[in-house]
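Enquirer: Protein chains in written order, with our numbering: chain A, 1 to 793; chain B, 1001 to 1793.
Hints may contain errors.
What the hints assert, rightly or not - List of simulated lysine-lysine pairs, BS3-like, C-alpha gap at most 25 Å: (1) A:703 / B:1703; (2) A:45 / A:703; (3) A:282 / A:208; (4) B:1107 / B:1703; (5) A:703 / B:1480; (6) A:281 / A:703; (7) B:1045 / B:1107; (8) B:1703 / B:1303; (9) A:480 / B:1703.
Derived from the structure by calculation, the hints contain no laboratory data. Source: prediction; values computed, not measured.
Protein chains: 2
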Amino acid sequence: MATLGDIGVAATINILSAFAFLSAFAFLRIQPINDRVYFPKWYLKGLRSRSLHTGAFVSKFVNFDFRSYLRFLNWMPAALQMPEPELIEHGGLDSAVYLRIYLIGLKIFIPIACLAFAVIVPVNWTNKTLEHSKLKYSNIDLLSISNVPLGSNRMSSFQRFCSNLGSWAFLRIFFFFRGRAFTSFGFIFWIHLVMAYTFTFWTCYVLKREYEIVAAMRLHFLASEHRQPDQFTVLVRNVPPDPDESVTQLVEHFFLVNHPDHYLTHQVVSNANKPSELVNKKKKMQNWLDFYQLKYSRNPSQKPSMKTGFLGLWGETVDPIDFYTSKIETLKKEISLERDKVMCSSKSVIPAAFVSFKTRWGAAVCAQTQQTRNPTLWLTDWAPEPRDVYWDNLAIPFVSLTIRRLIIFVAYFFLTFFFMIPIAIVQSLANIEGIEKALPFLKPIIEVKVIKSFIQGFLPGITLKIFLIFLPDILMLMSKFEGFISRAALGRRSATRYYIFQFINVFLGSIITGTAFQQLDNFMHQSANDIPKTIGISIPMKATFFITYIMVDGWAGVAGEILRLKPLIVYHLKNFFLVKTENDREEAMDPGAIGFNTGEPQIQLYFLLGLVYAVVAPFLLPFIIVFFALAFVVYRHQVINVYNQEYESAAAFWPDVHGRIITALIVSQLLLMGLLSTKEAAQSTPLLITLPMLTIWFHRFCKGRYEPAFVRYPLQEAMMKDTLERAREPNLNLKSFLQIAYIHPVFKEVEESESDPASEESDQEPVLIPTKRQSRMNTPLPSKHSGSMTSLG
Amino acid sequence: MATLGDIGVAATINILSAFAFLSAFAFLRIQPINDRVYFPKWYLKGLRSRSLHTGAFVSKFVNFDFRSYLRFLNWMPAALQMPEPELIEHGGLDSAVYLRIYLIGLKIFIPIACLAFAVIVPVNWTNKTLEHSKLKYSNIDLLSISNVPLGSNRMSSFQRFCSNLGSWAFLRIFFFFRGRAFTSFGFIFWIHLVMAYTFTFWTCYVLKREYEIVAAMRLHFLASEHRQPDQFTVLVRNVPPDPDESVTQLVEHFFLVNHPDHYLTHQVVSNANKPSELVNKKKKMQNWLDFYQLKYSRNPSQKPSMKTGFLGLWGETVDPIDFYTSKIETLKKEISLERDKVMCSSKSVIPAAFVSFKTRWGAAVCAQTQQTRNPTLWLTDWAPEPRDVYWDNLAIPFVSLTIRRLIIFVAYFFLTFFFMIPIAIVQSLANIEGIEKALPFLKPIIEVKVIKSFIQGFLPGITLKIFLIFLPDILMLMSKFEGFISRAALGRRSATRYYIFQFINVFLGSIITGTAFQQLDNFMHQSANDIPKTIGISIPMKATFFITYIMVDGWAGVAGEILRLKPLIVYHLKNFFLVKTENDREEAMDPGAIGFNTGEPQIQLYFLLGLVYAVVAPFLLPFIIVFFALAFVVYRHQVINVYNQEYESAAAFWPDVHGRIITALIVSQLLLMGLLSTKEAAQSTPLLITLPMLTIWFHRFCKGRYEPAFVRYPLQEAMMKDTLERAREPNLNLKSFLQIAYIHPVFKEVEESESDPASEESDQEPVLIPTKRQSRMNTPLPSKHSGSMTSLG
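Looking at chain A on its own, in the form it has when it is part of the complex:
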């Protein structure tokens, strides 16, 4: 158990390292040479093309303007200055809404912290339970609920039995009113209870308001979006096999029959794994060719040579430039051959298609309805953005999907639960007393004050962090295997998995495992009756561990994020060895992205910790608030200057975020219930059990009220956009716009060169379409209502 002093050491270390990161960043970012590392977003947007500074050659690389060093923290206000609408336009809605999560953290926890420090801390401080107990404790625990005395022992074992059966509510209420509600003991619990209620209501209020705002932002974003192919397109999967017709015929006939007024065109999906592979191979060859050409151009006197064998160690000696040039030529031919094969043969067509409609209304209808009797065939979903499609998963049939889901569930289950073993071992090692007991010969080294503080304050957090580094990739692989069709959905599912993992292993694992190894000896000699009590007591005692975790993972980690050490090094290496033209330099930039699948669960862990400890040990809250504030500024800066989102899901992840904060709230309420029952205040359970019930009701209300905005696309909105567009561009050739929107990236170049005849072909259509449209414009009864709505849009 860490003392106040240990926490001080850990805080110092972490604050210093965070400060070092921030200073390094402040210094590096104003060097022109690093401009493309710290401001890639502006280059990608075309707003910055070359270093801003003109003048001497050296000043292109190093900043000599010393005044700018004095203003080394001015990126912080700069990051906060950009107003939100501009931010949405600049970085996309996903990023803007993602930043709001941090803001919610601040909105929830700052008032809670103020209230908790005003009320709960003084109450806990005045008790002296821990002094009289035999448990080891630190002075920081005096501020927590551990220091509140147990209830009197007048509770009979019959009452205890009742409190074990959740359903005996009426008996409990009876005993509660008979009980000691207004004694000094009762007074303390009344305060904790009232606080729990207040915190819940405040959190729910903030959540509801945010859900409302984000839903409105999403709808506004969608309504003001430009014409996008995904607005008109639906992805159809599990097209049933037919012996007489090809997939493309089948799709065409099906939609001509069942959506006769709205169907426009479709594109079948081909299995393009082979050409993809060849393209990758060609890219690698091209890299080598570039390398050798550069080498030759720098040193024209020496003609480069290489061997064709393994790793260039043996085999025939050849001129690498000629060798790779010829290789690339053959590959090019092979690729175009494979492409033609895939495009022509019906074997490589998979039973899925992107079906486009004449209107957004038609697409909205098709995406929201069931097509056939068998709900596992002709599955229709909104098509993701073209750049968001995860092509490999489009061909998976329904039954296979269900089985894959089961397999992944089992695999995930084992991953989650067997991961506990190494963490448990590390955590028990990181406990000084544990090490001293296990390896007594290390005692003299460990007892040195600095080392001891270091081990206790730093090690547990950092070992956990290392364990978690490889996890997101595994989880992403799992999601891919499970068969999601868009990258946004992959990210969302990975985030859910990562959150559950963190909840079980980091949160519960740290509480229970840590307890198990620390107090195993106690348990062995206790009756089963006392075990929940011990766990209950250990929750507030784990607060110190979580404080160090927050400092390492939250403070130093976030400060490290802004430094971008890895992209910095990689960029300079590439810049030095490979870059020849401006274009190359563009490619050497690695702006990265927010990384929803790892970032969001990390934030959620802080919500969980904050809500759980708000009543139990409120001295944890300031650490969390510092994290949220720092992270908000840092990530806002990164979104503005660095990150380049690869796709836009229009904040489709918000229901997940909301749901997880609600989960954290309910967990905190249940843990409080367990904790108070260890204080033998089981009579208050009926009052505590209403809290999670109200919270669940609140969740259901929000789900009904706001979630549809994130899942469905209202017909009125679709009709409004359609009408508006028809009025603005009556002669629009939609077919040519949609025909090449959804082709596999491998075919993109080929299609583009071939797109002319296609557009010519479809040029014949406009004669037909506008007439139809005009006739619809003159539809009978153009009511006032429709008129007013049109002008609204």
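Once you've looked at the hints, dock chain B against the given chain A.
Expert: What follows is chain B alone, placed relative to chain A:
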């Protein structure tokens, strides 16, 4: 604890009473005078108009054909003979599918019972644990799992701690393989485990097959249905208020704008509570008038007289026939006045409307999509059948609905949990030992053998039954308050509530409360550690109680159902006092209906008992099988001859039925887990915990594969029916067909007399509609696929 002898007495009583009911029924049903009580369905169908027997006057009332008495059980094969397709046509799909629930019971439990008696019973019999224990037990318990010995005491408290934490799976598996898997103790548990797996797989197999069959039946039923107004109609609720437009204008404009090609007509819903009241009042007056007219016609010499005051005790003396005739006249005028008021004034229009479309396709689209940004406005649902609409609930706004749901949830919670007190008291009284301890002076009376057996075998079941009689009405009131819009949905929700109530109070209540009062003394002196063990042991011991419950509620109750004592008496009373014409006699019949809201939860309780006790105490199974067989025959007879379903939901309740059987399965698996852990076989938990997981996965699979058939209406089906109809009846005037379909029953008569001008008005339309349709028939590209599908339909 009842002994084998007690159960024998109870069985004898119940078999005798069941037999008495059946004999009485067999005798009464062949008396011509009861024909309308026992065969009302045939009269309602018009297949039987008068008593079948001709001849003497007396033989109209009493059956003198003595041969028919010899064949007194021949209704049973007769009930089974009608093939299912005929049954569907005769009694509707709801009834036919309802009967399949009993059939599932037989399909699941007959093979399980055979296997259990072949394997589990012999294994349990050979153990002698109970003989050595200090617990009171009966010889019937020797067949149950209670008689299996506890695991050796080698399980350390550390292991027990692990088994308390659900997440420590890996430690368990470790100890399991280290454990005593192949000792004699282990062998017995392996058998129980294998049986649990076998039973689960068999149940799931049966469930999946049934879901498949029922889904196919529903789809076939819907596809072959005649033209119904609900196929074209969508119910729109929560039309937002608009200061400038009335509701009817608003609805028309909204749908003309957002569904321009499909909207046909709509009907607003009026609040007709006041005329409804007046109509009821008029009916009552009419009854009195009939009564006095009958009195006068039987005794023309004496002119009847009455007083106008309270209960006819004082006031002016008048001629009642004149009095009521004039009263009815004024009421008639008042009613038509009120009707006009409601129909003309815009104040009585509530913000809901039935919107009809030109095609089923249009209605299917509108019902399945979201209309506006705000998901709480313009809510669209499939319109229920006109006779299925629950008119009072159409006007409730969304927020009010959410709050009502919360209120009902809380009310239901209290109802469910506080209902336990009286049951607990009765159950503890029904325990002989309990009574003797509490009231020792009653001992000599109770100790009389017959009384003792009666109390033990009969009383617990019957008291419970009485408690439950008033419950369904309360639950139905709750559902009505909650705001469901169709009577089918009201019934389904009530059924769910009733099931949960039975689960908590009858099932858990009987296990835990009974235990609590019996063994309170034990608990007071036990540590918390031993409490779950005691509960675990009491589950199999409660088997005898449930056997008596099954016999009272299941056997005698079902046999009583076929006797129809209440309708019999009421019919003869009415027949004697009121009936004058054939028409009156028709009205005096009370065919009743299946009563899904009480019947289905009752069956589900038997599924629960059967699945829970299948592994634990299989000697319960034969009792359940007898119930299912008897109930199947009885209810099949009733459906064929008696019941008259008031609405048809096309088996929309099946997902509920399926879900509840799955719930029962999971509960049984969890209880087995708890029970085995009391036998200190906690190491087998990892193997047992996979069972509920697999079951949940199976449920999700079924939900995805079959549930949409019960919730959504596939567009292909709609299009097929539309195309077929258009080909068959190209000149159909749909508007006149739909215009008066959804009017409040109070306005029905008026509308029907006024419908002529309306249909005339809409007669102008057909000139337009067919042209449009013909143009659609000549749509370009009438593919082969569409052709083949059309011919399929």
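Enquirer: Against this structure, judge whether each hint is valid.
Expert: Comparing the hints with the structure gives:
A hinted pair counts as satisfied when its Cα atoms are at most 25 Å apart, and residue 703 (chain A) with residue 1703 (chain B) qualifies at roughly 21 Å. In summary, the hint linking residue 45 (chain A) to residue 703 (chain A) is not supported, as the alpha carbons are separated by about 37 Å, beyond the 25 Å threshold. A hinted pair counts as satisfied when its Cα atoms are at most 25 Å apart, and residue 282 (chain A) with residue 208 (chain A) does not qualify at roughly 52 Å. Taking the CA atoms of residue 1107 (chain B) and residue 1703 (chain B), the gap is about 21 Å. The hint holds against a cut of 25 Å.
Between the alpha carbons of residue 703 (chain A) and residue 1480 (chain B) the distance comes to roughly 23 Å, so the proposed pair stays at or under 25 Å and holds. For the proposed pair residue 281 (chain A) and residue 703 (chain A), the alpha carbon gap of about 48 Å is over 25 Å, so the pair is violated. Pair hint residue 1045 (chain B) plus residue 1107 (chain B) does not hold up; C-alpha atoms about 32 Å apart against a cutoff of 25 Å. Restraint check for residue 1703 (chain B) and residue 1303 (chain B): not satisfied, since their Cα atoms lie roughly 69 Å apart, outside the 25 Å limit.
Restraint check: the Cα-Cα separation between residue 480 (chain A) and residue 1703 (chain B) comes to about 23 Å, which is no more than 25 Å; the hinted pair holds.
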